[in-house]
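S.K.: This is what each chain is made of:
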Amino acid sequence: MLEMRNISKNFEAVQALNHAHLKVEKGEIMALLGSNGSGKSTLVKVLSGLVNPTGGEIYIDGEAVQIKSSADARKHGIAVAYQDFSLIPKMSVIDNIMLTLSPCKKNGQIDEKKSREMAEYYLNELQIDVSPDAPVELLMPSTQSMIEIAKALAMKPRILILDEATASLHADEVEIVFSVLKKLKAEGTSIIIVTHRMSEIFRICDGCTILKSGETVAEGNVNQLDLDEIVFHMTGKYPDKEIGKQETKEKNHHLQLLLDVKDMAMPPKLKNVNFQAYQGEIVGIGGLDGQGQSEFIRVILGDHNYTAGKMIYQGKEIRYKQAADAVSDEIGFISGDRGRESIFPLRSVAENLFAGNTARGKLFAYLSPKEIDSFAKSAMQKYGVVAGGLRHPANSLSGGNQQKLVVGRWIALSPKLLLLDDPTKGVDINSRREIHRILRECTERGMSIIYVSSDNEELLEIADRIYIFYEGQISALLAGDDRREEKLVAAMLGIHQKQEEKGKQDDESKN
Amino acid sequence: MNQKINQIKRSPAFSGMILFFLFLIVYFGVQYLQAPESFWSIKTYRNFMSLFKSFSPLILVTMGQAFLMLMGIIDISIGMQMSFANVLAAMLPEILGLPTPVAWLIALLATILLAVLNGVIVSCLRIPPLLAGFAMIYVIKGINLLIAPKPGGKVPAIANQVFDSMLFGFIPFSLILLAVMYGIWLYLEKTPLIKAVYAIGGNERNAYATGIHTTAIKIKIYALAGFFTGLAGLCYTAAYTTGNPITGEIYGLQSISACILGGISLAGGWGNMASAVYGVGFQILVQTTVPKVFTMISKATGVNYNTYWHNLFSDIIILLGLVVTIFAIRAQRTTFISGLKKQIKGAKADE
Amino acid sequence: GPKADKKEESKEQTTQKEQPKPEEKQPEKQAEKQPEQKQEAPAEKKGLRVASHNAMIEGNPYRAVYETQIAAAAQKAKEMGLISQFDSFVANNDPALEAQQIEQSINEGYDIIIVNPIAASGLDALIQKAADAGITYINADCIYDSDKILNVVVDQAAWAEIQADYVIKTLGKGAKVVQFNGIDGNSASEIRSEVWKKKLPEAGIEIVKTVAHNWSDIEAKQLMNEIIASGLEFDGIINQEGANGIMDAIEESKIDFPKCITSSEEVSWIRRIAKVNEDKEAFPFIVVENPPGIGATALAIAINIRQGHELDPGKMSGNNLIYYTPQWIMTHENQKERLESIADLPDSTSVSSFMSVEEAKAAYFK
Amino acid sequence: MNKNKVYYFVKNNQIGMALLLSLLIFVVTIALNPKSLNVNAFGSILSLMSMLTIAAAGQTLVIIADGIDMSVGATMSMAAIVTVGILRGREDPMLFVIAILAAIGVGAIIGLCNGLGAVKAGLPPMVVTLYISNVVNRLQYVMTGGTPEFTSVSLIYKSFMTERLFQVFPVISFFALGMYALIFWLMNRTRYGQQIFLIGNNNRAAQLTGIRTTRLKVINYMMAGILSGIAGFIGAGNSGYIKCGAFDGMTIDTIVAVVIGGTLLAGGKGSYAGTAAGALLLIVLSNGLAVLSVSPSMKNLIMGVILIILLGVYNRAKPVRA
Ligand SMILES: Nc1ncnc2c1ncn2[C@@H]1O[C@H](COP(=O)(O)OP(=O)(O)OP(=O)(O)O)[C@@H](O)[C@H]1O
Ligand SMILES: Nc1ncnc2c1ncn2[C@@H]1O[C@H](COP(=O)(O)OP(=O)(O)OP(=O)(O)O)[C@@H](O)[C@H]1O
Ligand SMILES: [Mg+2]
Ligand SMILES: [Mg+2]
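Residue numbers (the working numbering), protein chains in the order written: chain F, -2 to 508; chain D, 68 to 418; chain R, 59 to 424; chain A, 473 to 794.
Do not rely on the hints blindly, as some may be mistaken.
Stated by the list, open to error - Using 20 Å as the maximum straight-line C-alpha spacing, the simulated EDC-like pairs for lysine to aspartate or glutamate come out as follows:
| id | chain 1 | residue 1 | chain 2 | residue 2 |
| --- | --- | --- | --- | --- |
| 1 | D | 221 | R | 205 |
| 2 | F | 111 | D | 256 |
| 3 | D | 221 | R | 248 |
| 4 | D | 217 | R | 203 |
| 5 | D | 366 | R | 166 |
| 6 | R | 187 | D | 231 |
| 7 | D | 257 | F | 108 |
| 8 | D | 217 | R | 166 |
| 9 | D | 217 | R | 252 |
| 10 | D | 257 | F | 300 |
| 11 | A | 507 | R | 264 |
| 12 | A | 592 | F | 108 |
| 13 | F | 103 | D | 256 |
| 14 | D | 110 | R | 166 |
To be clear, the hints were calculated from the coordinates, so they are not data collected in a lab.
Just need the whole structure built from these sequences, with the hints factored in.
M.R.: Encoded structure:
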């Protein structure tokens, strides 16, 4: 039905795809797997016309086709629910679902009534409970995600692609989506699912294609593969069963309380959060995407304003108005959303490393370029950033190196508290290890770290204690022997622990 | 009823509407105070109606600009384009001896073509619209001056008579024309084309990802704006019976600020044609009323304030109007969002 | 505010100072006025209402002086009881606003409307309307093509001829000149240019370059700089305005003075060129006035018409055209006395004359 | 291979290209009109270029920080009028100090308004600075009653400001050099400069890195206002006759000079050297068209087309399809 051969794509210095393959049959559900940054989304976008490949061919029903634009993809019956959405924030739910699909009356105007009926059909099908006239920007991420899926369904595609569409969905929503997918499969639709949730693969997928660094490293039937093998193909190593079982440091009691957050709320994203970070520890924050972790960490930084509760840092109650206030109190922040929140793509490697330093100090005092260079040089040596040169623009680096640049920027300044929001997104395994090593060294020197991650494995590996967020609340705190994958997953999904969690929270609030 | 009011309050044109009606009251108030005895006569009506005649070119240009701004594009050369149509319509009969209707048709088509060229430069060459506008002003000014080195040309008197006429003795021709053009918007508003325009203005990448031919739509809308601009040029020709190569230039910036005053977002995807009309109406009323207010003040106090003061105050009022509009829109949007902060995911999609 | 009042005052002073200078018969005039004012008692009762429409004043010093002088003349007429109301409107170069303002004036029933328009066309419909309403509509400064109105303009052809004659006399046959126009397309600028383009070649003088400085000293300077930089050879300069800018460029590049320069009547220029020529005639020049007071003259004529006086066709140039011939001319010969006559004018203004109501009557009426 | 090299040079060396194009245009001009090769040509080009470069200093800073300042011209005019008004043709050194302080003050106030409007209030910079510039422009007329009482600085000062050493090096070009040193120091030798580059490149990242972006951008607008004020002060001496709105036309020229000099309109990348190169290109082009007696209409047309070509080469936005 669909076959992609030898697809390559370079983004400047980054090779996102390297002769990748993908093949899907009619009525087949194919899982497209790979670690972060392995090129899954890029492959999907090549198919949907959003990315112009450097090379390769696409065959549909055995015929070579040219996909030069999204409209071309549509013509071939390809519809995608994008990882980063394709919704128009200010437009209503109906308009978003029916954009380009609305039936017209004889006079060329949109038949609003029919259009509404059709949109409502898909809303019902996916059991999305929203007002069809609400602008989508007002909706929760999970609802937006459902609308994105509805939008793709409404195109009645022959090939449906869901790019991590389930990442921010709740368990019941995932069920609904899967039942719809099964129906479509029965109707002969080919489906490609990109996901990081391994359980989903075995539940619904037939085939499986694994990408690593832009190359297709494995293709096959799901029942021929087991989880370990999949992980091996994705990462190049077998999963370490020992993860999470490492010694707990149990040093909390000897150490000083650095940050104490009490009953913090920021409706509707955060409710009643109690949180502590001690000096010299790494506190992990886990949970599904969009459960309030990012907001929480930005509240600490002063980038968001909270409406209730208080924050005590170094024994003093604080309320930052902006990130600069926090930074001058020696709090650092590293975002995983590199492009938007941390890298200065046009500025040189040296300037990027020096950026944290740039933000401090007298505005008009003499600043020699040598100072910047020597700072950058030493940071580069320490943190192993591989760069063409200090003067090259940051966007000439590969993704992993860009991220190391950002990490290096902050660690070189050794703040008292370092906040990290999924800092290893799209970072390869070695760089990731490197970053972890650096962070551990830092805690030894007394730095405290709050580490948000969407990757459970990573959390279990690096964090001393793990707070898990669910719907804006902390659903569990895992410390010591509790730090086990199944507990973590359960807390993330907010499933079995309802009572337990309640009790725990009561405890916390009593404290 | 309440629901209706709420709907109006939420409309993008709300703040523009308030500004407009506020100044409409000022306008009539001044008329009344100037001559209370003759206020309730036909004169007041005629005075008001004559606004449509004089300003229909600006109103049409603003409507054309509004189409583009909804798509997130500004075209500061649009005023020059109007002059292009005007110069062609006036000069072609003189230079080539063409009959007037043919000349006017050519002027209209040529303006549409020029607008399409502009669209190609912006959407295919992907030059930022602001800079493209600067460059196009040079180009079109050059062309206009080549066609008509000085104001002039041949315009038959009948054109002006028709344009100046009143249907049934009380509806100005220009008002009808404007109503028809607004009708075009009312029709288009419900078509997939304008939905696509909003989508592109809201988020171009996502509109593209949804399968919208963004380039094609942009060029279509440029052509549509060109149609409005060309028509504005013809109105100008009829109203002033002359071809003037450069006087339209100021309409470029005036139309943009009118749209913003009316509540159209500079970033695109937010606003509607009513916004543009209210905005330009507000601007026109300020321009025409402020000198009168000063006349009244000087009559009352005996102190003469010259035109420099009129202009200063007009500009200050428009600047304030701008500030009010933008804050109003923001307030509107925050009540919309009712406390919901912009969500990380949504923001990401903006990229 | 208070600051504004002060400005107004100071401006009035300026104009008052300006007025008497070119009009040396001022005292007698004042004396004559008293009895006449009584005669015009009925007109006073009616109270003429006057509206002035000017295309723009910002960025155009000429029109700015036009504006202040017509306002001053109107103020005087008001004091004398000849008119009851004077309002001034400026269209900021926006034809729509201009048309709108004129239409409103017509609707509001002003008796006299004096227009210095943006362009020489485009107002026919309004003129018709004004005629129907019995309004005295006078077009001032730039000629407007219509037989329904009276044009009161400076005789630009005469102005240009005076300059051309001077250049021909000074340079003689075979000379080369650079021509500086105002704004291409502006009627005054075009009329002058046409005269020069005809007269100079006839006299065997070659115009080697023609440029337009948009009545701006800064642009004139840049253009002159470019001309000098291009290595163009020329003997003299025939010019409409902006002589200061031209002079700046000449001094800046330290080239020799050309053999002559012509210009109109900015006081700063007059003083500057006079200084250059203080001891001997180092840089032959001629200054010919193009009085911005033409609007005030138009007002005087309009009042006469409303008072029922009849225009003398013999004193007009065509049945709807009154030419005001430039009178204030300065060359090296009369440099001293001319300088003295403007001794108390500030640098920023220009020499300008206009007619009082009586003078206008004497000059153009039966 | 060779082709690639040329492409790489053209793409990545905008300053070099601007200079190269300027040279090319100049050579063509001379070839078509050999008389135009003379000392005065150099003097006049240098003088005009210096003035434009000085005027574009503030614009460079603002555009690098991802803003735009449509009030450069109005600020310059205002400062020039204030300068001339204070000097009143006198030459007392004290008065010069007062005049330049006043020019700086005028610039700072206008810049502050721009900053508050464009950054604090978050209005679109293009629109808000444009309207503020309108108001500033109108204020000049109200203040002076349309025609300033004094239109020129004293003769001696003026001839100093317009003096050309050896007929070639105008005094004003030394002011331009001084301005260059100042801006170079500001942009490349202070945290201020570093910060505006970072803000222009990625405002959100700069904010999260701890830069007080709002404050800095307001300061930057003020800085631009001050620089425009200084430019107005210099212009008052250099341009001879000052009237209301004398420098209004400068605004667009500064934007064009900045952009064709390699500064990104979207901010984050650029240099003042580029602006100077852009100014040179504009002036040489305009000079060339004048020297070749191109009519004003053709001059406009050619300028526009060349601008579009330059923008097409250097200022294209990224395509939606990656
Ligand atoms: N538009 C772009 N410009 C530059 N680099 C890009 C662009 N899009 C993707 N990349 C890079 O290409 C590589 C592959 O990215 P891609 O989004 O395909 O990864 P992915 O497999 O979908 O990862 P994830 O699981 O995190 O979604 C990454 O290194 C990324 O940084
Ligand atoms: N145009 C360029 N300019 C400068 N350096 C470049 C350029 N192209 C490639 N490089 C260098 O080549 C290196 C290899 O890039 P590449 O994207 O293949 O790295 P990578 O192995 O994928 O790293 P990561 O896994 O961290 O993303 C980059 O780090 C960069 O320093
Ligand atoms: Mg992805
Ligand atoms: Mg990589």
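S.K.: Does residue 221 of chain D pair with residue 205 of chain R here, judged by a C-alpha cut-off of 20 Å?
M.R.: Between residue 221 of chain D and residue 205 of chain R the Cα gap is close to 17 Å, so the pair holds against 20 Å.
S.K.: Given the hint that residue 366 of chain D pairs with residue 166 of chain R, test it: the Cα-Cα distance must not exceed 20 Å.
M.R.: holds, 16 Å
S.K.: Given the proposed pairing of residue 217 of chain D with residue 166 of chain R, does the C-alpha separation stay at or below 20 Å?
M.R.: violated, 33 Å
S.K.: Residue 217 of chain D and residue 203 of chain R were given as a pair; does the straight-line alpha-carbon distance stay at or below 20 Å?
M.R.: holds, 15 Å
S.K.: Is it true that the CA of residue 103 of chain F sits at most 20 Å from the CA of residue 256 of chain D?
M.R.: Given pair residue 103 of chain F, residue 256 of chain D holds - Cα atoms ~15 Å apart, limit 20 Å.
S.K.: Keeping to a limit of 20 Å between CA atoms, is the pair of residue 217 of chain D and residue 252 of chain R held or broken?
M.R.: Distance of about 14 Å is within 20 Å: holds.
S.K.: Taking only the CA atoms, is the gap from residue 257 of chain D to residue 108 of chain F under or equal to 20 Å?
M.R.: holds, 9 Å
S.K.: Do the alpha carbons of residue 110 of chain D and residue 166 of chain R lie within 20 Å of each other, as the hint requires?
M.R.: holds, 8 Å
S.K.: Would the pair residue 111 of chain F and residue 256 of chain D pass a check requiring their Cα atoms to be no farther apart than 20 Å?
M.R.: Holds, at roughly 17 Å.
S.K.: Run the distance test for residue 592 of chain A versus residue 108 of chain F: straight-line Cα separation, threshold 20 Å.
M.R.: violated, 44 Å
S.K.: Tell me if the straight-line CA distance from residue 257 of chain D to residue 300 of chain F falls inside 20 Å.
M.R.: Distance ~40 Å between residue 257 of chain D and residue 300 of chain F Cα, so the pair is violated.
S.K.: Given the hint that residue 221 of chain D pairs with residue 248 of chain R, test it: the Cα-Cα distance must not exceed 20 Å.
M.R.: Status holds; Cα separation ~19 Å.
In terms of the numbered hints stated before, the structure departs from hints 8, 10 and 12, listed from lowest to highest.
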